[in-house]
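Just need the whole structure built from these sequences, with the hints factored in.
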Amino acid sequence: MPADAKRRVLSRFPNITSFLRYAAICVVALGVFAVVLLAAGKEPLKAYADTFHYTLANAYGFSELVVRMIPLLLTAVAVALPSRLGLINVGGEGQLYMGAWLASAGALLLPGLPVWVLLPLVTVLGFAGGAAWAAIPGLLRANKLVNETISTLLLNYVAPLIVSFFIFGPWRSAESSAYPQSAAFPDAARLPSFFNTRIHAGLFLALAALIFYWVLMDRTRWGVQMRAIGGNPEAALRLGIPVGAYVVIALAIGGGIAGLAGMGEVSGIHGRLRQGLSPGYGFTGFLISWLAGGRPLGIVLMSFLFAIITSAGDILQITQGLPYAVVNILLALLLFIVLGRNTARRTRRVHRDGSAG
Amino acid sequence: MSTPLALGVIAGAILSGTSLLYATLGETIVERAGIVNLGLEGILLIGASTGFAVTAASGSAYLGVAAAAAAGGIANLIFGWLVVMRRANQLASGLAMMFFGIGVSALVGRPFVGAVISGLPKWRPPWLAALAWVKSTTLFNYDFLIWIAVPVAVLVWWLLFETRWGLGVRAVGESSAAAFASGRNPAVVQFQALFAGGLLGGLAGAHLSLSLTLTWAEGMTAGRGFIAIALVIFSKWHPLRAIAGALVFGGAEALQLQLQARGADISPFLLDMLPYVLTILVLLAWGGSRRHAAPAGLGRTFYGTE
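Taken in sequence, the protein lines are chains W and C.
Each step along the first sequence adds one to the number in the working numbering, with nothing skipped, and position 151 is 151.
Each step along the second sequence adds one to the number in the working numbering, with nothing skipped, and position 66 is 66.
These aren't lab readings, by the way, just hints derived from the structure by calculation.
There could be a bad hint or two in this list.
Short derived list, chain C residues pointing at chain W, Cβ under 10 Å [as the list claims (entries may be wrong)]:
#1 Met85
#2 Leu95
#3 Met98
#4 Gly219
#5 Ala264
#6 Met273
In this text, a Cβ means the ideal position worked out from N, Cα and C, and glycines have one as well.
Okay, here's the thing in structure tokens:
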């Protein structure tokens with residue numbers, strides 16, 4: 001194996017030192033967060049012990065972690081794929097909602113179809129909903145009209161309103177007037193669950209998305225061209241690569257994958273369309289992809305870590321009477337440390353190269 | 001309530017545009033120094049919760065405003081540590097700040113959910129109050145943050161364009177290397193700009209919770225930070241144009257509230273979309289012309305002369 005290829009393969013598997021480094025980062029972040037909780041008059045050690053007890057120490061808790069990983073994996077790939085072109089998709093949250101919305105449209109409006117038609121249809125619609133939503137910023141960006149960072153961010157606030165409009169309006173279920181939600185999906189529109197847990201077939205969608213992403217990027221000429229655009233759009237354009245088309249398609253595929261996360265939530269877990277489908281999975285997916293550097297295996301590991309952290313948010317809410325949102329401090333601390341040290345490494349490299357990057 | 005719709009919208013535009021104006025001015029200073037702070041949303045949340053908590057605990061809204069501004073400034077210094085000292089990616093750091101703001105504000109605001117405050121005292125100049133048509137409306141009955149909003153915008157313009165300090169900020173924003181070569185320390189300038197921007201962001205948050213809503217609720221800023229970032233582009237990084245921008249977007253929010261209050265037969269969810277959709281449309285219309293106005297070094301990391 002040529003030395004270069006060997007290094008590439010090795011770099012995909014985190015070695016022991018980098019594992020220890022990440023462990024140290026987690027310990028520091030947990031330590032600072034514990035101080036914050038103490039200052040708020042709470043019991044951090046009990047909260048940590050509870051989190052461990054309810055997530056990692058038993059099979060059911062672990063299964064719930066996997067359930068939580070499904071949307072995180074999908075929203076992370078939704079960010080990672082366009083990022084290879086230098087595109088910043090911060091709209092996973094909105095794309096997730098639109099995927100859930102269009103998938104629900106299929107499930108609610110075509111209830112009579114057999115499962116082998118309806119379930120694939122609902123899946124495709126979930127993808128299409130997110131893809132169409134992300135194609136808007138894609139088109140705006142490709143025509144150099146609006147930067148995709150700001151447009152994807154703003155669209156995050158519109159998509160949940162569309163969902164609310166439908167579940168308070170045309171799709172409101174008659175049987176539960178107190179709680180706004182759609183009618184229950186027909187069984188044929190439900191993703192199957194396994195082993196008496198809530199782990200649903202969305203897991204396969206997530207793994208398929210990861211494999212698709214890896215193959216596309218590392219094994220096809222499209223991936224090469226996309227990385228060329230990410231490296232130098234001007235040069236790519238002059239080489240005859242249709243940059244604009246790639247921008248729209250990459251964002252749309254990313255959005256579609258985030259849409260699958262929404263589809264998984266409504267079809268695999270809730271069985272209906274409702275408000276508050278996502279406690280910020282789209283944003284978390286961005287951070288996962290960023291921390292993993294867009295590497296598929298890194299995305300899996302980071303999704304697992306973030307599934308534990310977001311579970312800790314639920315634990316804090318239930319046992320310590322703190323709002324779920326407080327766990328965002330822990331998330332932020334973790335990021336502060338990683339952001340703060342990552343560039344120290346980059347600076348060293350700049351030294352070695354003798355150029356100011 | 002027999003106020004005509006137009007008057008109601010204008011009054012509301014000033015009321016909700018004020019917070020947007022402070023946020024936009026803060027981000028303008030920061031971006032003029034070459035830094036994009038996507039964490040503005042978090043700064044607003046920290047300002048809103050800190051302002052509300054201090055007001056509810058101390059009984060003084062002015063103390064609340066001061067605390068909110070200080071909290072915003074300090075939060076931006078953390079951001080500065082990341083992007084200036086550690087040269088971290090600005091977008092990722094900004095999102096980290098947003099998460100930080102969501103978390104900290106939830107923690108700070110928690111004990112004060114449902115607390116009742118009287119908010120910032122309102123004041124109307126006597127000669128205006130004497131006019132009959134003014135008396136029947138809420139026009140010109142404003143708290144001090146509204147009264148000083150336009151003067152602050154002028155002050156920011158003066159600081160940025162008429163002082164040596166502003167020249168330094170803009171020089172760093174155009175090219176840190178050139179500013180460094182001319183004897184300025186880009187890091188110091190950027191920290192000053194970030195602190196000033198944080199103060200203004202804190203004020204923006206405080207005005208939301210202490211004047212507009214008089215409550216604290218998690219996530220109550222509802223994307224205003226991102227709208228303000230878009231407003232900076234809309235106003236071409238110019239503090240005075242930001243006044244117009246803030247009024248237009250305050251107006252969109254006010255129109256939506258007025259229509260809802262008047263029982264217009266439009267779903268509130270569709271009306272709620274108005275500010276976000278309008279923001280995108282405005283950016284779209286501005287698309288071609290804005291590139292020349294942006295600071296040339298916006299978002300670039302300065303690695304110094306190592």
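Taking the numbered hints from earlier one at a time, note which ones the structure violates and give those numbers from smallest to largest. Violated hint: only 5; rest satisfied.
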